[in-house]
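Enquirer: Sequences listed follow chains P and A, in order. Heads up: the first sequence begins at 1 in the numbering used here, then just goes up one per residue. Heads up: the second sequence begins at 1 in the numbering used here, then just goes up one per residue.
Worth flagging that the hints you see were computed from the coordinates, not collected in a lab. Misleading hints may appear alongside valid ones.
As a list, the in silico BS3-like pairs of lysine-lysine whose alpha-carbon atoms are at most 27 Å apart [as the list claims (entries may be wrong)]:
no.	chain 1	residue 1	chain 2	residue 2
1	A	K276	A	K36
2	P	K169	A	K36
3	A	K276	P	K169
4	P	K10	P	K250
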Amino acid sequence: MWNLIKPTSKLSLRVWQFTILTIFLVGWYVLSIDKKMAFFFGDPIGVVEQVWLWFFVNGDIYYHLQITLTETLLAFAIGTSAGMGAGLWLGLSPMASAVLDPYIKALNSMPRVILAPIFAMWFGLGIWSKVALAVTLVFFIVFFNVYQGVREVSPTLLDNAKMLGAKQKQLLRYVYLPSATSWVFSSLHTAVGLAFVGAVVGEYLGSAAGVGYLILQAEGTFDINTVMAGIVVLTICALLLDASVGIIEKRLMKWQPSHGETEKL
Amino acid sequence: MSMPHSLNEPPALALKDITCTFVSRDDPNQRYMAVKDTTLEIAAGEFVSVVGPTGCGKSTLLNVGAGLLAPSRGSIEVFGQQLVGINDRAGYMFQGEALLPWRSALDNVTAGLQFANVPKDEAAEKGRDWMRRVGLGGFEDRYPHQMSGGMRKRAMLAQTLIRDPDIILMDEPFSALDIQTRQLMENEVLELWMAKRKAVLFITHDLDEAIAMSDRVVVLSAGPGTHPIGEFVVDLPRPRDVTEVRSDPRFVELHTQIWNVLRDEVLKGYEQQKKKAA
Chain P
1 MWNLIKPTSK LSLRVWQFTI LTIFLVGWYV LSIDKKMAFF FGDPIGVVEQ
51 VWLWFFVNGD IYYHLQITLT ETLLAFAIGT SAGMGAGLWL GLSPMASAVL
101 DPYIKALNSM PRVILAPIFA MWFGLGIWSK VALAVTLVFF IVFFNVYQGV
151 REVSPTLLDN AKMLGAKQKQ LLRYVYLPSA TSWVFSSLHT AVGLAFVGAV
201 VGEYLGSAAG VGYLILQAEG TFDINTVMAG IVVLTICALL LDASVGIIEK
251 RLMKWQPSHG ETEKL
Chain A
1 MSMPHSLNEP PALALKDITC TFVSRDDPNQ RYMAVKDTTL EIAAGEFVSV
51 VGPTGCGKST LLNVGAGLLA PSRGSIEVFG QQLVGINDRA GYMFQGEALL
101 PWRSALDNVT AGLQFANVPK DEAAEKGRDW MRRVGLGGFE DRYPHQMSGG
151 MRKRAMLAQT LIRDPDIILM DEPFSALDIQ TRQLMENEVL ELWMAKRKAV
201 LFITHDLDEA IAMSDRVVVL SAGPGTHPIG EFVVDLPRPR DVTEVRSDPR
251 FVELHTQIWN VLRDEVLKGY EQQKKKAA
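Working from the sequences, and respecting the hints, build out all of it.
Expert: If you want it as structure tokens, here you go:
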């Protein structure tokens, strides 16, 4: 019996995954028949209705979604490039990294969400205070990975490139940077998620637009279905962003040996 | 950049009274003298092998000649000129994996041309030519992880030779290969060398390889304080086939002579390694 339903093929795997989702939704629905439960947990049909209203009837989610995504992408871009720059610099300059070491550790261990009110003061309630918060989250993830990546470049590769006539600039461009990219990509999945977290948390703490703002408003009126709908929309967006990072990674990292790969003739 | 070879001409590479002392990072009072008062000259067009027990500082000497490592004492002259910084007339074939893993074989082979700002098309054409010469035609688009150890070594050889260096430094280039591939590549290197006659400094721990390939074999003592303890001119006729030349009576004779000098050092080196491990 078990052999029949064991998730071996891709199809049966999908069936299994879908079954789990169905069981969860049905369970949720049954629970939510009780009005008291529905008050606290919402009901799946109401959530779907809300998503439907947002996207296809009122169409008002697009504006908020666009704000949140803009914040996320800006933070991702700024945080990643700053992290890469700083990582390269400190990785290549042992002196600077030795001097700055305690401060980097301190900044990294600080609970950075607490900076949100300060950023709101500095940058106002528009998108930039959210971008700033998300950047502080993204920056360190990328920074530490690039820093590590630069320091772990194989000395033989460096010596070889030097003997082939590479100048310092060329070493940076053709050896250090590509070598750090594999480290960067392993951090980008985390980074894109954190950029999203930063943006939404920022909105949640004070804003006039964005999905986080929608959720906050709904919570104020105990409209749990809308809160849940917001969470669903955010989750799907985060998955999509992560998948696009995955696609870019696959393109750029095709030189990396994947496990058990046979020769491509 | 071909030069007339005459006896009065300065050697292609001259290491003069080189001493290299390494200081332990953890304890500055702990020093290790890898190489001591070593003088080594390689004439233009000469193939010189350096043999010695493992861990005796052979690679240190090579790195000094390449300009990658500044000696604690002594001087290096390249074609009569004091060496400052990287030795840009030398090509270096490393012992370990030195290909950039994110570049295809062709892009690796042409890396040196790219660094010298040679136009892309010209570099690619030259690269294809060199890949054919080392037997890698048709593998241009492979990434290093898609190639076998022997193919990677061939790519490294092409990468080194494409720049047409006047001095070729090789650090046990074939030590990781199986014996058949190794002999094949030794012959190929000899053939390429015969065509261009560049100065070669070849480091190996394999005495057979050293004699079969070189004009001169230099034996180094066991470390610490490695220095040359013997020098043998290999007067076997060229062109040679590394497999066939091994049965030549003169080869056997030379082998016995050199091995007599080398054996004690190998034993000494072995004892030291054991002591270090204990």
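Enquirer: The structure should be examined with respect to each hint, and the outcome stated for every one.
Expert: So, going through the hints one by one against the coordinates:
Simply put, K276 of chain A and K36 of chain A have alpha-carbon atoms about 20 Å apart, close enough for the 27 Å limit, and the pair holds. Our distance criterion of 27 Å between C-alpha atoms is broken by K169 of chain P and K36 of chain A, whose separation comes to about 35 Å. In summary, the hint linking K276 of chain A to K169 of chain P is not supported, as the alpha carbons are separated by about 40 Å, beyond the 27 Å threshold. Proximity of K10 of chain P to K250 of chain P is assessed by CA-CA distance (about 21 Å); at most 27 Å being required, the pair is judged to hold.
The structure fails to meet hints 2, 3 from the earlier list, while all remaining hints are met.
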